[in-house]
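Visitor: Modelling step: build the complete structure from the supplied sequences, incorporating the hints.
2 protein chains.
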Amino acid sequence: MNARRRSADRTETIMQTALDLALEVGYAKLSMEAIAGRAGVGKDTIYRRWPSKGLLFLDSLLSLNQRALDYPDTGDVLADLRQQIHAAVDLLATPPWGPLYRALVGEAQHNPAVAAGLNDRFIQPQADKTVARLRAAQTKGQVSPDFDLELAMAVLSGPLYFQLLITQEPLTHEYVNRILDALFAGLDPRPRP
Amino acid sequence: MNARRRSADRTETIMQTALDLALEVGYAKLSMEAIAGRAGVGKDTIYRRWPSKGLLFLDSLLSLNQRALDYPDTGDVLADLRQQIHAAVDLLATPPWGPLYRALVGEAQHNPAVAAGLNDRFIQPQADKTVARLRAAQTKGQVSPDFDLELAMAVLSGPLYFQLLITQEPLTHEYVNRILDALFAGLDPRPRP
Numbered sequence: 001m002n003a004r005r006r007s008a009d010r011t012e013t014i015m016q017t018a019l020d021l022a023l024e025v026g027y028a029k030l031s032m033e034a035i036a037g038r039a040g041v042g043k044d045t046i047y048r049r050w051p052s053k054g055l056l057f058l059d060s061l062l063s064l065n066q067r068a069l070d071y072p073d074t075g076d077v078l079a080d081l082r083q084q085i086h087a088a089v090d091l092l093a094t095p096p097w098g099p100l101y102r103a104l105v106g107e108a109q110h111n112p113a114v115a116a117g118l119n120d121r122f123i124q125p126q127a128d129k130t131v132a133r134l135r136a137a138q139t140k141g142q143v144s145p146d147f148d149l150e151l152a153m154a155v156l157s158g159p160l161y162f163q164l165l166i167t168q169e170p171l172t173h174e175y176v177n178r179i180l181d182a183l184f185a186g187l188d189p190r191p192r193p
Numbered sequence: 001m002n003a004r005r006r007s008a009d010r011t012e013t014i015m016q017t018a019l020d021l022a023l024e025v026g027y028a029k030l031s032m033e034a035i036a037g038r039a040g041v042g043k044d045t046i047y048r049r050w051p052s053k054g055l056l057f058l059d060s061l062l063s064l065n066q067r068a069l070d071y072p073d074t075g076d077v078l079a080d081l082r083q084q085i086h087a088a089v090d091l092l093a094t095p096p097w098g099p100l101y102r103a104l105v106g107e108a109q110h111n112p113a114v115a116a117g118l119n120d121r122f123i124q125p126q127a128d129k130t131v132a133r134l135r136a137a138q139t140k141g142q143v144s145p146d147f148d149l150e151l152a153m154a155v156l157s158g159p160l161y162f163q164l165l166i167t168q169e170p171l172t173h174e175y176v177n178r179i180l181d182a183l184f185a186g187l188d189p190r191p192r193p
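From first to last, the protein sequence lines are chains A and B.
With our numbering, letter number 159 in the first sequence gets 159, and the count goes up by one each step, no holes.
With our numbering, letter number 148 in the second sequence gets 148, and the count goes up by one each step, no holes.
Errors might be hidden in some of the hints.
As the list claims (entries may be wrong) - Think about it this way: if two alpha-carbon atoms lie no more than 30 angstroms apart in a straight line, the pair counts; the simulated DSSO-like pairs of lysine-lysine are:
id, chain 1, residue 1, chain 2, residue 2
1, A, K129, A, K53
2, A, K53, A, K29
3, B, K43, A, K29
4, B, K53, B, K43
5, B, K29, A, K53
6, A, K140, A, K129
7, B, K53, B, K129
8, B, K140, A, K29
9, A, K43, B, K29
10, A, K43, A, K53
11, B, K129, B, K140
12, B, K29, B, K43
13, B, K53, A, K53
14, B, K29, A, K29
15, A, K43, A, K29
16, B, K29, B, K53
Keep in mind that the hints were calculated from the coordinates and are not lab data.
Note that the structure is predicted; figures quoted are calculated from it, not measured.
Guide: In structure tokens form, the structure reads like this:
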């Protein structure tokens, strides 16, 4: 086993330990000391790679996202959005990871490095995929040519973050479906054809 | 000056002191000790009314909302929404209070009492007003009869919370206007009349 391989294994072990411990004690009580101790590495080893608990936990949580939350393209844009958003919600907005993702977003409110990491490593790539999927649909006439694609991520995921972070009510598939229907319908009274 | 009046004055003083100090040191470094000291009251006096810093700061921030963020009803629902949301954004999403409101929402991610207080004292009343204004517009045919009014608050304010809490980009009037236009347009390609 070469050095690069050993380092990758160690990274994996540290992130898995962070996830295990977070499930046991919650985000607030998670500590770099406890992670180092259980992972069998020195604290310095962790701090060399992750300057803070928030950044380590961000990486750990994103490492769960194996399928990279890609959008399918079956030709039915509403069905594809529904499927992708259900997967995102199942991963990050429901137990066991939902409460920990909420805590991480909470940390991003006073820790600019965590906020930047969250955007660079997760939000922006997801936003790019969302725009690409909607642009393909717009080209085929399945999305209104008037819809401002730049706002796609805010409009589609904003109501879900509102449910996750503000009302803190359960984020079910049914809720996602209702939001999507409302966003497709729009507020304007539709002229009768 | 009777006892009730004195108590109201003291409440006012404590909340004003919490706001002043928060502007000076930020939310993270705000302490009940420092507030008590500067307000010239005992810590017990504060804790009797507010069991935590988060709840005191929530009340203090909401006390700024003198105009209660009511919706005008000029007959033009889009203009009315725009005006009310601009006022909300000016109060809670831009400096000086924006960063402190962000911190408070951050606190609500690990403090259930703050989350409940935020919903009971601010979000739910605003949601009720939003639904009432949109229901009046729906009755007049200015909002699509298909639009699910129960989702109004999530759909209208979700994209703004996304900007405030996730991307943390400036929340300008222009951004609000673009979001409103996108929500009125909807994603569905509109049939030509």
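Visitor: All the hints need checking, so say for each whether the structure fits it.
Guide: Against the structure, the hints:
no.: 1; hint: K129/A to K53/A; in the structure: 28 angstroms, holds
no.: 2; hint: K53/A to K29/A; in the structure: 11 angstroms, holds
no.: 3; hint: K43/B to K29/A; in the structure: 27 angstroms, holds
no.: 4; hint: K53/B to K43/B; in the structure: 11 angstroms, holds
no.: 5; hint: K29/B to K53/A; in the structure: 20 angstroms, holds
no.: 6; hint: K140/A to K129/A; in the structure: 17 angstroms, holds
no.: 7; hint: K53/B to K129/B; in the structure: 28 angstroms, holds
no.: 8; hint: K140/B to K29/A; in the structure: 53 angstroms, violated
no.: 9; hint: K43/A to K29/B; in the structure: 27 angstroms, holds
no.: 10; hint: K43/A to K53/A; in the structure: 11 angstroms, holds
no.: 11; hint: K129/B to K140/B; in the structure: 17 angstroms, holds
no.: 12; hint: K29/B to K43/B; in the structure: 17 angstroms, holds
no.: 13; hint: K53/B to K53/A; in the structure: 24 angstroms, holds
no.: 14; hint: K29/B to K29/A; in the structure: 19 angstroms, holds
no.: 15; hint: K43/A to K29/A; in the structure: 17 angstroms, holds
no.: 16; hint: K29/B to K53/B; in the structure: 11 angstroms, holds
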